[in-house]
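Residue numbers (the UniProt record's numbering), protein chains in the order written: chain A, 1 to 316; chain B, 1 to 316; chain C, 1 to 316; chain D, 1 to 316; chain E, 1 to 316.
Since the hints were derived computationally from the structure, they do not count as laboratory data.
The reader is advised that the hints may include incorrect statements.
[Stated by the list, open to error] Heads up, simulated DSSO-like pairs for lysine-lysine below, C-alpha to C-alpha not over 30 Å straight-line:
hint	chain 1	residue 1	chain 2	residue 2
1	A	LYS203	C	LYS166
2	C	LYS166	E	LYS203
3	B	LYS85	A	LYS224
4	D	LYS203	E	LYS203
[What the hints assert, rightly or not] Chain B side only, calculated, beta carbon under 10 Å to chain A, not exhaustive:
hint	residue
5	THR262
6	LEU268
7	GLY290
8	TYR291
In this text, a Cβ means the ideal position worked out from N, Cα and C, and glycines have one as well.
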Amino acid sequence: MIEIIALTKNKTIETGLTMEDWKKGTYEWYWIDFNAPDDKEVDYLRNPLQFHPLSIEDCLHNLQRPKIDYFDEYTFFVTHSLEAKTYAKEELNLFVGDNYIVSFHKKPSIEVQYVAKKLLGDKSPAKWSQFTVLYELLDHLVDNYIPIIYEIEDFLNEIDENTDNKSMEVLLDDLYETRHRLLSVRHTVVPMRDLLYTLLNTKKLTAVSNKREYYSDIYDHLLKLTEVIESNREMTADIRDSYLSYNAHQSNRIMQILTVITTIFMPLSFLVGLYGMNFQYMPELAWKYGYFTLLGIMATIAVCMFLFFKRKGWFK
Amino acid sequence: MIEIIALTKNKTIETGLTMEDWKKGTYEWYWIDFNAPDDKEVDYLRNPLQFHPLSIEDCLHNLQRPKIDYFDEYTFFVTHSLEAKTYAKEELNLFVGDNYIVSFHKKPSIEVQYVAKKLLGDKSPAKWSQFTVLYELLDHLVDNYIPIIYEIEDFLNEIDENTDNKSMEVLLDDLYETRHRLLSVRHTVVPMRDLLYTLLNTKKLTAVSNKREYYSDIYDHLLKLTEVIESNREMTADIRDSYLSYNAHQSNRIMQILTVITTIFMPLSFLVGLYGMNFQYMPELAWKYGYFTLLGIMATIAVCMFLFFKRKGWFK
Amino acid sequence: MIEIIALTKNKTIETGLTMEDWKKGTYEWYWIDFNAPDDKEVDYLRNPLQFHPLSIEDCLHNLQRPKIDYFDEYTFFVTHSLEAKTYAKEELNLFVGDNYIVSFHKKPSIEVQYVAKKLLGDKSPAKWSQFTVLYELLDHLVDNYIPIIYEIEDFLNEIDENTDNKSMEVLLDDLYETRHRLLSVRHTVVPMRDLLYTLLNTKKLTAVSNKREYYSDIYDHLLKLTEVIESNREMTADIRDSYLSYNAHQSNRIMQILTVITTIFMPLSFLVGLYGMNFQYMPELAWKYGYFTLLGIMATIAVCMFLFFKRKGWFK
Amino acid sequence: MIEIIALTKNKTIETGLTMEDWKKGTYEWYWIDFNAPDDKEVDYLRNPLQFHPLSIEDCLHNLQRPKIDYFDEYTFFVTHSLEAKTYAKEELNLFVGDNYIVSFHKKPSIEVQYVAKKLLGDKSPAKWSQFTVLYELLDHLVDNYIPIIYEIEDFLNEIDENTDNKSMEVLLDDLYETRHRLLSVRHTVVPMRDLLYTLLNTKKLTAVSNKREYYSDIYDHLLKLTEVIESNREMTADIRDSYLSYNAHQSNRIMQILTVITTIFMPLSFLVGLYGMNFQYMPELAWKYGYFTLLGIMATIAVCMFLFFKRKGWFK
Amino acid sequence: MIEIIALTKNKTIETGLTMEDWKKGTYEWYWIDFNAPDDKEVDYLRNPLQFHPLSIEDCLHNLQRPKIDYFDEYTFFVTHSLEAKTYAKEELNLFVGDNYIVSFHKKPSIEVQYVAKKLLGDKSPAKWSQFTVLYELLDHLVDNYIPIIYEIEDFLNEIDENTDNKSMEVLLDDLYETRHRLLSVRHTVVPMRDLLYTLLNTKKLTAVSNKREYYSDIYDHLLKLTEVIESNREMTADIRDSYLSYNAHQSNRIMQILTVITTIFMPLSFLVGLYGMNFQYMPELAWKYGYFTLLGIMATIAVCMFLFFKRKGWFK
């Protein structure tokens, strides 16, 4: 589906145009949005829009990382939006030219909807230009990252505090899941940060340089998000390492119990087994105090063993 | 609450002004402090102070990392103070213009109090400018980091030496807690260091360049603190890894004891069990020296086992 | 085998030339392909082609990493192709001069075949130059990396989900194998990325600068692939660490079972052994309720032990 | 204590001066050494020496890392010496001006003593300048690091070879100690290296640029030492990781022994227990060959178990 | 021992000169080789050769890392050769001046021998200069690293495949040894790479710039070797981590066997012990089917236990 919003020379907004209506030179500026276009619609990118084959290819394939490409006639942006629930990435491609912006996305984009609505609802649309649309799209895109990353952080804090008293298996799975999500989200945030950095330092887009503080603001958000991601990844590693240390310690405690019990009872069991033998000639068995003497010896062994382990510090 | 301190053209300090009294051009320079302002007071930022919407937004949201933004009329600083007990971060935002400094903080700031007191107590206030206030605030802010970081270091040294003879579980928790705190504090110190670096190398603030040695001094402190933080994080990792190695070794020792005991007594118990059987025809039982021969055999087995493990080095 | 494709001054393609036919100055431009050449053919590099001894040496030895060398007469490229099944690297060496490109490879190259076919099949071959061949070769080379790296990624995802229910030994082997492959592939992709970066930023090849967007596109692919490789290596480490944590936890659970069983039954076995002894004077044996009393005591011990471990949280 | 060495205009060395004798303009150049000064002596820094309050503060506090500060009148150095036995850091502060050097240290400094002795013992002191003193102090300072770092390296080699046959506990403690020392020493060497790098690349001190090869030599030493420290830290990590692997393997071997013994003897003990029961009707007991048959069965079980574990490779 | 090779003004090679014969200005260029010189010979560096004291000191001490020092009269190189069997480093110091090269090494150097032989055997020695000697020495030095590093790589591959069926202890030792060797070799290769990089980018040695492709070739080799070293170190870490995971898994399997055996036989042994007691009144013993009932109960217990563990997945 293609939607066109154009500002006429009389500074009024015109909508509901089709590609057939649209004529190149007649508007102050215009915004063409390719929303999940079919093959015929994609063809408009080639003709009449005449974009470079490489940009068109980038729109159609999914291999892209966020980037800027400068062409003589326009600047081409590949950006990524994050879907709030699945953390899935969606490409939003932008062509920004002298008096137009073309947005291209394979699935409906809430960012595009939001900005279109804002533009159409604005009382003084004449203040807008294609660069305002660009800024609003980038700003809204990045703003949408924030709740996602903070949700991951909250999830991590939950793991750390474990108020739900989850079992260790579940916690370890959650931890692994969190690392996985952070890794995935980082692959969007870091190249977007680099994109904004390039944008801020380029000399090719004067419209951007003139509004430097606005783009700088988006860049600051991305910088902050990158730090949050890195710090959360470090924290997951800390939690896991801390768990490993704790587990190793726990493991030793368990083995100490096992060893104490075994060490005390094995010799005793041997002794009682010894006097359970059926040899015809075993002098101790006939001795009247044999039984009590043996009980005494066994008690002594048990106490000695116990004291030995106590002195080794195993009961601390 | 808003407090205004102004130096009049006659070089005297005037305090207790309200935003209504205050008129833009009548002072040599002035300092407006927004201390936990209410909504009406926040509005002064927009009017009459006329700050850029982006800066005002940065004041009101908490997402910011320390940074500098240059606007035509003023320079905007986001800085962080650290609360001594909870390691909580508080934003202190500063607008520094031609003849004013505006500070904005959502909670009372001990740094602002300290500097205001120092200014009001100074006998020659005419020597001060808005940049002196800026320097004093930054300097005091960073000075307040130092005891916090050294407290963490002391806590870590305590863990290392463990003079309180804490149990291993407590130590591992403390270690994890320390890493957590260091991570948290680093998120304030590193961006502040970058802020100072930017400030030192900018050419936009000549008042700063002229007092380079003073700002350089703050930067040196932040550099040192960053190193202390990094080195303490490395040390926590060292302690944990060292603990893991020690624990693995300990674990082997415990299992060696268990194995020695089991290996010696299991065959012996089997033997005594064997001659405890009630078969009617067991020739050994009838033999007069059967019992003593068996005792001899069992002693031999035990000694051999013992020597075997001794030669393997298990008793070292 | 040597194959020569030349564009004559009349803008027609000529093929099937031999090195003997070939005369230097008579073509618009030409492409000489050394496909698994024998020693005599290799000699053509020295004479009549007159390449620098160092370049020729680089062709013949296998020690090379992807690189560009600038000589007065030509630019020399060492590039690597990846074989889809074995992940083996093959060198493809290119000499690009004023009006020629010479490709040299010790084994048949599917990339060279593909580009030659494309050139010969093109209806307007006059549009091609030696730089078109260079671009097509590099582009196709890098395009061939993509399925290989994505195959590794798929394999890793399979390990992560383990839908085939493979045993842990197999999974660990697979994981190690994946890391190994990623390491190996990275050794091709990273220097190729650096090569493209150099190519993009050099001022020596104007034909490349004029088509910057095309080479930039290859570079973007390599950048993306590098990120995919790094992120997959991180993910393998995450999986392994997660496995280690899980295993340590599992290990404790097993030992807890062992310890509980041992701790409950060892004292009981001792007791029953005790009353299995054959001492002539053991008063308890003669007591009528001895047996039932003992059963009661043993049940009490077992229940207490059980409750002790339950309170320790071992059955959670 | 303050000691002054001055070269008079007549090119003779004068010593034993006091701050009262000393007059600013009368010497070719002079060296004032503040050796563990008392409060009154510290005041001389302010008056008559007139150093900047920030430099004086840096002298008095201990928070400093090695650094250079350029002031209009002089250059201020903070350097660290290492004490050979305790690895303790001592600050040595230097003020180098047009015709003077002032050294300041809170404890007696063997480096200052050494250089003073060398200067006083020199037959042609006229060749010296304050920069010669600076170079000699830095050179000697860094030379003193070398035996300390090599001593740590030797200690590490001892751990690696363990010729003294120390127990594992002691080795692990030693390893941890070594890492700790390396961390501590690195905090001196790395900032000193950065200081020298700054010194080499500054354009403000022509006397240093003219003797570049000398300072470059000190820098090379620091570079080498940094490498030695890093490589030793890597080696400690290698030793520890290697120990962990070895330990894990050892752990498995021990458990294999335990498991083999348990698995062989537990069923046998059960069997002999079985026929030790006192049931009145147990047909096997009455059978003449019962005992020998059981012995045969038990031998078979033991051999089978043994072969089972042998085939599993547990005895390799 | 000192050997001098000189090219006379008549373009002929002269050898067998002594330092006494040698006169500074009479040769086109000359090469003086100090091969394991004695103290008297070392003195020639000072006089008549007049090298800078710092360079001479660098020759005599062993603390040096590969580096270049530029002096007015000459360029001083410290390079390292690797001994093939022991991986020991040997310093080869070079002084390259206007019309001479001086090489200095404390032990006989196979690189120097090789280059001297090549020069003396060359039919047109007039083509050589001192820079040809420099290039040949560097090239040969680096060529000698290659087999050493590839030998380590082969050793690592052997460990990985373990075709010799070595025991785990030996493999772990080999792995540690390999890491150690790689660390040691890296300390030669990395600074040599930096040296070549400096050499390639300097503007002080026009003779080098003119032959840039040759030095660039050496640099490429060093770059490749660095990568091989790093990648092999990563691979050793991978093997070790993989071993640790595998071992942890193995450990669990062993403990599972132990636990299964213990859990099944401990209750059974208890039961048979129970009925081996000698209480006078134990009703079960007198019951005719007591024995067979007990056998049935015990079989049931064993089967239940077995099924319990089977369902837990312990036999997978």
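Evaluation of the provided hints:
| no. | hint | in the structure |
| --- | --- | --- |
| 1 | A/LYS203 with C/LYS166 | 55 Å, violated |
| 2 | C/LYS166 with E/LYS203 | 61 Å, violated |
| 3 | B/LYS85 with A/LYS224 | 25 Å, holds |
| 4 | D/LYS203 with E/LYS203 | 20 Å, holds |
| 5 | THR262 | 6 Å, holds |
| 6 | LEU268 | 5 Å, holds |
| 7 | GLY290 | 5 Å, holds |
| 8 | TYR291 | 4 Å, holds |
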